[in-house]
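K.L.:
Once you've looked at the hints, dock chain A with the ligands against the given chain W.
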Amino acid sequence: MPLIEIKEVNKIYKLGDIEVNALHNISLSIEKGEFAGIMGPSGSGKSTFLNIIGCLDRPTSGQYLIDGFNVSQLNRDQLSNIRNIKIGFIFQGFNLLPRTSAIENVELPMLYKGVSAKERKKIAIEALSAVGLEERKNHYPNQLSGGQQQRVAIARALVNKAPIILADEPTGNLDTKTSSEIMELFLKLNRESNISIIIVTHEPDIAAYCKRIIRFKDGNIISDERNEQN
Amino acid sequence: MINVFSTVKISVRALRVNKMRSALTILGIIIGVGAVITMLAVGNGARKKIEEQISSIGSNLLIIFPGSSGSGGVRFGSGTQPTLTIKDAEAIQKECSSVQEASPVINGTAQIVYSNQNWSTSIIGTTPNMFIVRDWSIINGKVFTNDDVKSSTKVCLLGQTVVDNIFGNLDPVGHIIRIKKVPFKIIGVLESKGQSAQGHDQDDVIYIPITTAQKKLFGTQFPGTVRTIMVKAKTFEDLAKAESQINELLKQRHRIGNKQENDFTVRNLTQIMQTAEQATNIMTLLLGAVASVSLLVGGIGIMNIMLVSVTERTREIGIRMAIGAKTWDIRLQFIIEALTLSLIGGLIGIAFGIAGAKIVSILAEWNTIISNMSLVLAFGFSGIIGLFFGFYPAYKASLLNPIDALRFE
Ligand SMILES: Nc1ncnc2c1ncn2[C@@H]1O[C@H](COP(=O)(O)OP(=O)(O)O)[C@@H](O)[C@H]1O
Ligand SMILES: [Mg+2]
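Listed in order, the protein sequences are those of chains W and A.
Its first residue numbered 1, the first sequence is counted upward by one per residue in the numbering used here.
Its first residue numbered 231, the second sequence is counted upward by one per residue in the numbering used here.
Careful: at least some of the hints might be erroneous.
[Stated by the list, open to error] Which residues of chain W face chain A? A few of them, derived with a C-beta cut under 10 Å, are: (1) I18; (2) L79; (3) N84; (4) L96; (5) R156.
[Said to hold, decoys possible] Think about it this way: if two alpha-carbon atoms lie no more than 27 Å apart in a straight line, the pair counts; the simulated BS3-like pairs of lysine-lysine are: (6) W/K113 to A/K380; (7) W/K121 to A/K239; (8) W/K14 to A/K626; (9) A/K481 to W/K137; (10) A/K464 to A/K481; (11) A/K317 to A/K239; (12) A/K239 to W/K161; (13) W/K113 to W/K188; (14) A/K380 to A/K317; (15) W/K137 to A/K249; (16) A/K239 to W/K122.
[Claimed, not checked] Label-pair restraints from in silico Cβ distances: (17) A/L526 to W/N220: 36 to 42 Å; (18) A/M250 to W/P41: 45 to 51 Å; (19) A/N248 to W/P41: 41 to 47 Å; (20) A/V247 to W/E181: 46 to 52 Å.
Read the hints as simulated data drawn from the structure, not as lab findings.
It should be emphasised that the depicted structure is a prediction, and the values quoted were computed from it without experimental measurement.
We put the beta carbon where it would ideally sit given N, CA and C, even for glycine.
So that you can see chain W by itself, here it is in the shape it has in the complex (with noise of 0.2 Å):
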């Protein structure tokens, strides 16, 4: 059974009486432990396409099922509650919240997920140390690099053992160095912790890491291929 399995997907954005075809009958399984890149041009439709994988967004319609269960069907609450435990989302603009420390923001899905305190703080700690910031738990955002701030993003992803983490261009801020770092932590976690990654990226050094490379264009998928490299 695929971890994820995408069957007939479109989405359609209305803009008054135009209506944008953003995805076009997508259908699409990824396996756990995949390590999966999503390429193609700007407006091809991948964000659209990782939102819904995401839950963070519905497609208008066709069939999305997570480890088997179908998530079409969730109101709201139920999808939060997918993306806090199954889902682990990076942001090209890693979207911590502000005036909140590292470590705080690493707790939030425990809290969330209704975690103890104490526990959380435990878990938070081995996160940020598993992404190498433990020294900086009480660092806030305004006072991390780049590069710092996406490993929060990251150890935040990781804290409730989510086993998919989604990543919309996560090296698209970041310079080349720091952006290789990023994508060896990927690939690290993909290969000790079996966590299923999948990364849209436009650049082919970033799409490099990975071990499939799924290209959309226009809301299709024109490709889809094992990367020989890897």
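P.N.:
Chain A with the ligands alone, transformed into the frame defined by chain W:
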């Protein structure tokens, strides 16, 4: 699952980020709560005063004056014939079934002397049941008896003010004082009653048997007449019946026909006082209501700030939703924020309200009373305001679409 304690922490932090804004919002509630508490204290003070006066004149009280009460109210002045007599009082007591006690009164002012001390005070001649009528007790000695009235004994009871001024700390019972040069034996001291409704000192008084007053002190050209008759009805419910029984009896005794004007007037003192009490209650309510409006305005201030806050923090809300915050996690966060604002305002407002009441009582020399009830009420009300005006912004925040919220610039 909703974690209230952590949500409180999140809320308090959010408020600390915008200290000035939070402080100004809280100020609205402080003023509202403070005003409510001060106003209720003023109203309660007024009511307490009236209640004290009611209990100091005695309960279920009627008073009978000579003279008629036409459409222009009671007319009894220097020209009025003194038409009431001791016999009238005795008849009322005997024949009116709703009356418990009826006590005639003659009063005047006189100079009193004790050794080298002297004092001018009000002298009241009456019968022993007066102290039942007025719920007045003796703290020292005893009341004169009906025998004293019958034989016009020269005995007297002193009010506390007279005792303080003539005897100081000395026990006056057993001593002789002179009233208008007539020697009287002091047989008792009355419990202190304080000020009357009109503001005069009810303890600056000497009570003597009514016959003694008639014969020895205030002999008039109308022998046997009295100034007023005070009547205590058996119960509060009996007051109206007692009034009509007295009217009927006195009409008969004074031979007044149906078409003629009465030569006496019966007043229901208790009713007058209770009307005054109701008026103060209404005043308290009005003051409280006016003050509540400012609390309401404070609440609108909270709603305003919370709406601004929700808009400013749309992205934050999106992030929280993206990592698993549910509808009520978000709602609770903003409701608790609003509640924190209003409850802090409520607490400080209580302090300001208490201070305000003190200032009013000093500046306006108005007795103010802060009841625990009004504190609980004002604090609870500020909480309700926080909940009420916090809910809409919280509701709005919780309905945001996570994707739209995340994209919000
Ligand atoms: N909220 C939206 N409303 C309307 N159109 C949208 C919205 N989000 C995306 N689109 C459109 O859908 C298409 C795909 O967008 P997106 O998934 O963001 O592309 P990518 O991430 O590949 O650059 C684009 O044409 C974009 O304009
Ligand atoms: Mg995109």
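K.L.:
Which of the listed hints are broken here?
P.N.:
1, 6, 9, 11, 17, 20
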